[in-house]
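K.L.:
Make the full structure from the sequences, and use the hints.
2 protein chains.
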Amino acid sequence: MRILILGGDGYLGWPTAMRFSAGGHEVHVVDNYLRRRAHEEVGTDTLVPILGSLPERAAAWKEVSGEGIGVTEGDLVDWDLTADLFRSFRPEAVVHYGEQPSAPYSMRDRDHAVFTQQNNVVNTLNVLWAMREFAPDSHLVKLGTMGEYGTPNIDIEEGYLDIEHNGRKETILYPKLPGSLYHLSKVHDSNNIHFACRMWGIRATDLNQGVVYGIETEQTKLDDRLATRFDYDDVFGTALNRFCVQAMIGHPLTVYGKGGQTRGYLNILDTLQCVELAVLHPAERGEFRVFNQFTEQFSVMELAEIVQRAGKEHGLDVRIEPIDNPRIELEEHYYNAKHTKLLDLGLQPHFLSETLVESMFGVIERHKDRVITGAILPRDRWGAGAGAPSS
Amino acid sequence: MRILILGGDGYLGWPTAMRFSAGGHEVHVVDNYLRRRAHEEVGTDTLVPILGSLPERAAAWKEVSGEGIGVTEGDLVDWDLTADLFRSFRPEAVVHYGEQPSAPYSMRDRDHAVFTQQNNVVNTLNVLWAMREFAPDSHLVKLGTMGEYGTPNIDIEEGYLDIEHNGRKETILYPKLPGSLYHLSKVHDSNNIHFACRMWGIRATDLNQGVVYGIETEQTKLDDRLATRFDYDDVFGTALNRFCVQAMIGHPLTVYGKGGQTRGYLNILDTLQCVELAVLHPAERGEFRVFNQFTEQFSVMELAEIVQRAGKEHGLDVRIEPIDNPRIELEEHYYNAKHTKLLDLGLQPHFLSETLVESMFGVIERHKDRVITGAILPRDRWGAGAGAPSS
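Chains as they are written, first to last, in numbering that gives the first Met the number 0: chain A, 0 to 390; chain B, 0 to 390.
Calculated directly from the structure, the hints in this document are not laboratory data. Any given hint could be a false lead.
Repeated chains share a single entry, so a pair holds when one copy, or any two copies, can fit it.
Pairs of lysine-lysine residues, derived as DSS-like cross-links and limited to a Cα-Cα distance of at most 27 Å, are as follows [to be verified]:
1) Lys337 x Lys168
2) Lys257 x Lys168
3) Lys220 x Lys367
4) Lys220 x Lys61
5) Lys61 x Lys257
6) Lys168 x Lys340
Quick caveat: nothing in here was measured; it's all calculated off a predicted structure.
P.N.:
If you want it as C-alpha cells, here you go:
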C-alpha cells in the first residue's frame, strides 16, 4: 500500500514509517522540523539524540533494512507543496501526525496560541482538499487525543453518543470539552474532517489517542541512527516519560496538584499496532470513524507510584512531590472511557509494568548527561493574570 | 457604555453602531472592508448604494444626529492593531460581527475555505486575548448562526443540552453539525470562546442568529448616506432578500431543491433589539451564554409563497422555480428550535408580513437599475467533483 506519513520526523511518525516500510509498504514521509525548531526555541531537547536530518535517517534505514522511505522536507501549510505531494505520490492511506502537539506550547502567549490553531487547522484543511482533488479514495488516519473529550461526568464513548431528547432520538458526535488551545485545534480538525466525510465522501479514522510512553520499537533498536526522540520536558514531555527521567536523575516526581487527574495511556508499541490496524482496515467512503486509542487508565498519582516502586527495584530513592498545578483542570473526577474498537480489530496490548519502566530506566541512564534540568518544571500557566495587567 | 463594534461597516454592524450611538453610548467601529472587496472579487454589489468610507459614514451620522462614532479602518487578524484598540478604547461591551460571513464564499475552492477559517478563527482568538489582557471585565457579544446546529432530529435547545447516559447526568454544549466551512468557522469560534470563559473568566454571549431580512432601521432611514448594504446575490444574499429582488425584476424565485429546508428568520429591527438586550444584560464573569436569535421558522418554499402573494398585491407576476440544490443539505427534515431567552429579556418581535415584504419592494424598486442579474443564480457547488479530477 502507498502510505504517506505526515509529521514523519516525530516521536511516533518516524517509528510508524519504519514499521510500515518493514511491512513491505511504499512509505513517504513529510516533515518541516517544527518540533526540532520549537525545542530550540524553548530551550529543551530530546533525551535520546536524533542523528541527522530526515533524509539521513531514511538513508540509515535503507542501509539497515534494504527498504527505501521517500522524504519531503516541507510545510503542509503550503498548499502548493501539499498538492504536489498528493498529486505525485497518490497515497492510499495518509497517517496524519503533522501538527504542533503541545498543550503548554499553545498556552504560552497569544503568538503561540494563534500559531498552533492556524498551523494545525490550515494544514489539515489542505490535506482534506488534496485528498478530495487528487486522492479521493484514500483513507485519512488522523491522530487526535483523548484530551479532546475532557473529563465529563458520563462514560466516554468511542466518538458517538446516542441520545434521547423530548421523546425523539439522535446520534451525535461525542461532546468535546478540552483543556487547552492545542486540544481545541484538534477538535476543530475533527469537525472539519467529519465535514469532509459528509460532503465529499472522504474516508477517515480519527484516533483519539491516550498518553504514549516508551522509547523503543522493533525498528528503532536496530541502530542508533534509527532511534526516535524522547521528550521529558515541561513543554513536550508527558507524565510517565518525565517521571522516569526525574527518577533517574534524583529529581522528585512532580505531580501537578492532587494527582487524581485520570487519563488513558498506551505503550508506543501499541500506537504502531493501532495505526497499522486502522490503515489495514480502512473506513468506508464517507465514513468518519472514531477509535479511542489507549490500553489502560491511570491517575497521575498512580503513575508516579509505579515509577517510585520500579525505582526502588532499580536501587533509586524516588520521592513524589505535588506542585501547584499550572493547568486549569479537575484534579478529582469521574473517568470511564470506552476503548473496544481497536481490540475488536485485533490489538494485542502491551500493559504497563514495572519491568517496562525499568527497561526505560536503562535507556535513560545511557543519555543521563543530556538531561536539561531547568526544563522539567512547568514554566507556562493556563489562567489569566500571568503577566496580564489587571484592568 | 463604551461599545466596540467589530465589522462596523456591514449590513448589521453599521445599523447597530448608529442604534447604540443614538442611545447615548460611546461607540467605536472597526472594519477592514473585507465585504466590499469580496463583492468586487466575485462580481456582485449591494443593491442599496453605500455612500462613502466608514469615516465618511461616521461624519454623516455626526451631521445628522450630533453624535460621534469612532472609526478604525483595519484588520483584527493584525494583533498589534487589535491590542492597541482594546488598550486605548477599553470597551465594556464588544459586539463581534467582524467575520467572513458567506457559506458559498467559503466553499468556492481551497483558497476561500482556508481564508475563511483562518480569518474568522484568528481574529476571534485575537479578540479573546485582547479582552484577557486589556479588558478582562468586558462582555463579548458574538454573532453566531443558527446554521451551526444543522438540522438535528431532536429539538434545538438554546446552547446547552441536559443528557443522561448509563445512569449518569451531564450538561453539554448543544451539538453542532453545520453545512459549510464558513459555518464550521463559527463552531470553532464558539468552542474557543467557551474555552476563554472557562479558563480566563471572560463574559460572553453567543448569539445564534437566524436569517436576517429587511433593509431599513430607524437610523438608516434618516439620510441616504446612513443606508446599510442590501445583498441579494448568490454569494452574500440570503433567501428572503433575494426573493424580493427576483420578484421585483421579474426573475422566478429560485428555490433550492424541494424547498423544505426550514430555518429561523428575523427582521433586521429585531437583530438590533436582540444585540442591545444582550449588551444591556451582560453575561456573568466566566459565563458562556447562548441565545437563539430569531423570531419565526419558515421553510424556503413558505418564504417564496409569501413573496409571491405580496408580489401579487403589488401587481407583480411572480413565479416560483425550484432549481438543483448547489448545497448538500436535507430538503425535508424535522426542525423545532427554541428561542425564548431573548423574549424573556424583553424582545418585542416584528413578525414577517406581506406588508413588510411590500415595503421592501418599494426600496428595491428605487434601486432596480443596480441589480446584477448574472449574480443571482448559484455559481458554487458544495460537493466533490466540481472541477476535481477523478482518481
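K.L.:
None of the hints should be skipped; say for each whether it holds.
P.N.:
Outcome of the hint check:
| no. | hint | result |
| --- | --- | --- |
| 1 | Lys337 x Lys168 | both (22 Å within a copy, 17 Å between copies) |
| 2 | Lys257 x Lys168 | between (39 Å within a copy, 25 Å between copies) |
| 3 | Lys220 x Lys367 | within (18 Å within a copy, 76 Å between copies) |
| 4 | Lys220 x Lys61 | within (15 Å within a copy, 75 Å between copies) |
| 5 | Lys61 x Lys257 | neither (48 Å within a copy, 59 Å between copies) |
| 6 | Lys168 x Lys340 | both (24 Å within a copy, 24 Å between copies) |
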